[in-house]
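Peer 1: For reference, the chains in residue letters:
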Amino acid sequence: MPEPMGFFTDTTVCIGCKACEVACKEWNQLPAENGGIRELSGDSYDNTRRLDGIHWRHVRFIEQFKGPYDGRWLMMSDVCKHCVQAGCLEVCPTGAIIRTEFDTVVIQSDVCNGCRACIAACPFGVIDINPVSGTAQKCTLCYDRLKVGLEPACSKACPTDSIQFGAITELRTRAQKRVDQLKSQGVKAELYGADPNGALGGLNSFYLLVDQPEVYGLPRDPQLPTRNLAMSSSLSVASAAVLGVLALVGLRKRRMDDMGGPGEGGSN
Amino acid sequence: MSDTFFSGAPHWTWFIILYFFVGGIAGGACFLAAVVDWFGGPEDRPVVRTGYSVAAWGAILSGALLTIDLGRPLRFWHMLFQSANVPALMFKGWSPISFGAWAILLFGLFAVLSALGGAAEEGRLHNPALRAVGGVVQGGLAKVVGGVAGLLGIFIAGYTGILLSVTNRPIWADSPWLGALFVASGASTGAAALILLAPGRGATEQSLARLSAFDTKALVVELLVLVLFVASLGSVNRVWIGFWGLVLLVGVVGLGIVAPLRLHLQRRPLASAAKLVLLGGFLLRVATILASEGIERYRVAAGM
Ligand code: SF4
Chain L
1 MPEPMGFFTD TTVCIGCKAC EVACKEWNQL PAENGGIREL SGDSYDNTRR
51 LDGIHWRHVR FIEQFKGPYD GRWLMMSDVC KHCVQAGCLE VCPTGAIIRT
101 EFDTVVIQSD VCNGCRACIA ACPFGVIDIN PVSGTAQKCT LCYDRLKVGL
151 EPACSKACPT DSIQFGAITE LRTRAQKRVD QLKSQGVKAE LYGADPNGAL
201 GGLNSFYLLV DQPEVYGLPR DPQLPTRNLA MSSSLSVASA AVLGVLALVG
251 LRKRRMDDMG GPGEGGSN
Chain E
1001 MSDTFFSGAP HWTWFIILYF FVGGIAGGAC FLAAVVDWFG GPEDRPVVRT
1051 GYSVAAWGAI LSGALLTIDL GRPLRFWHML FQSANVPALM FKGWSPISFG
1101 AWAILLFGLF AVLSALGGAA EEGRLHNPAL RAVGGVVQGG LAKVVGGVAG
1151 LLGIFIAGYT GILLSVTNRP IWADSPWLGA LFVASGASTG AAALILLAPG
1201 RGATEQSLAR LSAFDTKALV VELLVLVLFV ASLGSVNRVW IGFWGLVLLV
1251 GVVGLGIVAP LRLHLQRRPL ASAAKLVLLG GFLLRVATIL ASEGIERYRV
1301 AAGM
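Residue numbers (the working numbering), protein chains in the order written: chain L, 1 to 268; chain E, 1001 to 1304.
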């Protein structure tokens, strides 16, 4: 069994060139949206806006400007987090979503029937339907390339090594070094998803951020969808029990009725 | 801000809304039919037969709606069998869609058997094969089959709410009350459907009055759970400021719960109250689903 593999994305060196987005689209033969006629966002240089079934990488542009000369751009190449505890995999009712030998999460397109449970289950909004296949799709961490010893297309194409591919344990050490370096320079750098004891058992695609997670469109404390299962089921059973008793009391045959007496259920 | 605002909308729209509504009615009506079947009197048989029919047709319609909603409808069976490993079964007890797929199949089976039994009882079956099946589902066996159908029915009415909660979407995953709310709505809309349809099969005034008395109580429970649901949403409630909040308040609470309650209490014609209950049940699904569907993650991230 190979080691768990993944990405460490250092957002401080991302220059927003979108080479990763293009490389991903090319390697995975993902179609253009709307026949290539892209609707511009109109309020941002980010025109991809989100990850979906035909955008498995998305370079997020966060424009923090107070005035024309006062501000900064944060850029982050977003992708499936290949969660160690993955919500998408947890709920998938067809078994299409699997964990691979590289500890990554992959949707088998020939099994998926497009029920879309995984879309709502992913805490990060990663998955969507690919209109060509009619199935849910997302980053595979280039499972096909990993199989033959190649690194994923995006990290291969990244000209600044903002996206680094490797064994998770090694990436974590490297990431911590980078955080220490930035902190010594006075930058407020934090890792997101690098802690194996943290949310979702750690993310196999983790990030170095210099602002709050929410600013990057990332939930602060991502959780599994089944956290609600026990409570929601118990309350449903309780509700059913109450209604069951009401039905039993109200709909059963009553002696009063037989005798034609005035009962609650009498004619009106 | 709740962490649910960073997830993606699954595009569960009209087919799913209709399914939740129809499944609720079918499940609720079946549950009530089973209660009456077990504990009611002989004069209540028309209600029982109507309930099982509603359940059977509702289950069939539900299956059809769920299938056409899939991105790949012909692969619907992948939820029941492991597609690369047939005939191994596909089942995940912790995934509501997975156990729901099995539940709807079994519910359909038991509801259709019960409906055939009821139709045979009325002598309405002309097809010899169906008549033979209906003829078997009589007496004690019919009660057992109907009882199982009724239990599966109330499950079908409620698991759809649990399904919404077992996600990471705004509103749905922010409250544990949706399942309970859909159970109550299933019961109230199921009773409403019976009030509207059972007279056609000869239901007595007395059975209908009992149903309406039950519906009144179910509406009160529904209102209570709805209040608890909204209270549990906390700060997420700001999503209701807008069109869907209006639908929830005016359509679901006003037209769907308070108005029929008044009609029931004033002993006005049962049918108009029942129609309002059905409208309210439908709008409840519309508001809870579309309010969440409309929240787009990239807008949230951009602070819009
Ligand atoms: S980020 Fe979303 S799609 Fe990727 S493994 Fe986690 S839950 Fe699944």
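These are computed hints drawn from the structure, not numbers from a lab. What you are looking at is a predicted structure, and each value in this text was computed from that prediction instead of being measured. Every residue gets a Cβ at the ideal spot worked out from N, C-alpha and C, and that includes glycine. A hint or two may mislead.
[Stated by the list, open to error] So these bits of chain L aren't anywhere near chain E, every CB distance computed over 12 Å:
(1) Glu3
(2) Ile15
(3) Val22
(4) Val84
(5) Asp110
(6) Arg116
(7) Lys147
(8) Arg172
(9) Gln176
(10) Asn197
(11) Ser234
(12) Arg254
[To be verified] Going by beta-carbon spacing under 7 Å, a handful of chain L positions derived as facing chain E:
(13) Pro93
(14) Ala120
(15) Ala157
(16) Pro159
[Unchecked claim] With a straight-line Cα cutoff of 30 Å, these simulated DSS-like cross-link-like pairs (lysine-lysine) come out:
(17) L/Lys147 with L/Lys66
(18) L/Lys156 with L/Lys25
(19) L/Lys253 with E/Lys1217
(20) E/Lys1092 with L/Lys147
(21) L/Lys177 with L/Lys156
(22) L/Lys147 with L/Lys25
(23) E/Lys1143 with L/Lys253
(24) E/Lys1092 with L/Lys253
(25) E/Lys1217 with E/Lys1275
(26) L/Lys177 with L/Lys188
(27) E/Lys1143 with E/Lys1217
(28) L/Lys156 with L/Lys183
Peer 1: Now, for every hint given, state plainly whether the structure supports it.
Peer 2: Tested hints:
1. Glu3: 27 Å, holds
2. Ile15: Holds, since 20 Å exceeds 12 Å.
3. Val22: 20 Å, holds
4. Val84: 16 Å, holds
5. Asp110: 8 Å, violated
6. Arg116: The assertion about L/Arg116 is violated, with a minimum of 4 Å to chain E.
7. Lys147: Fine: 18 Å to the nearest Cβ keeps L/Lys147 off the interface.
8. Arg172: 23 Å, holds
9. Gln176: About 25 Å separates L/Gln176 from the closest Cβ of chain E, which puts it past 12 Å; holds.
10. Asn197: Given that every Cβ of chain E is farther than 12 Å from that of L/Asn197, nearest at about 19 Å, it holds.
11. Ser234: At roughly 8 Å from the nearest Cβ of chain E, L/Ser234 sits no farther out than 12 Å, so the non-interface label is violated.
12. Arg254: Incorrect as stated: the minimum Cβ-Cβ distance to chain E is 9 Å, not above 12 Å.
13. Pro93: 4 Å, holds
14. Ala120: 4 Å, holds
15. Ala157: Violated, because the Cβ-Cβ distance from L/Ala157 to chain E comes to roughly 24 Å (cut-off 7 Å).
16. Pro159: Given a least distance of 25 Å, the restraint on L/Pro159 is violated.
17. L/Lys147 with L/Lys66: Since the Cα atoms of L/Lys147 and L/Lys66 sit roughly 47 Å apart, the hinted pair is violated (cutoff 30 Å).
18. L/Lys156 with L/Lys25: OK: L/Lys156 and L/Lys25 at ~13 Å, within 30 Å.
19. L/Lys253 with E/Lys1217: 18 Å, holds
20. E/Lys1092 with L/Lys147: 29 Å, holds
21. L/Lys177 with L/Lys156: Distance of about 22 Å is within 30 Å: holds.
22. L/Lys147 with L/Lys25: Holds - the C-alpha atoms of L/Lys25 and L/Lys147 are around 19 Å apart, at most 30 Å.
23. E/Lys1143 with L/Lys253: 16 Å, holds
24. E/Lys1092 with L/Lys253: 40 Å, violated
25. E/Lys1217 with E/Lys1275: At roughly 17 Å apart (the allowed maximum being 30 Å), E/Lys1275 and E/Lys1217 satisfy the hint.
26. L/Lys177 with L/Lys188: 14 Å, holds
27. E/Lys1143 with E/Lys1217: Holds, because 26 Å separates the two Cα atoms, which is no more than 30 Å.
28. L/Lys156 with L/Lys183: Holds, because 28 Å separates the two Cα atoms, which is no more than 30 Å.
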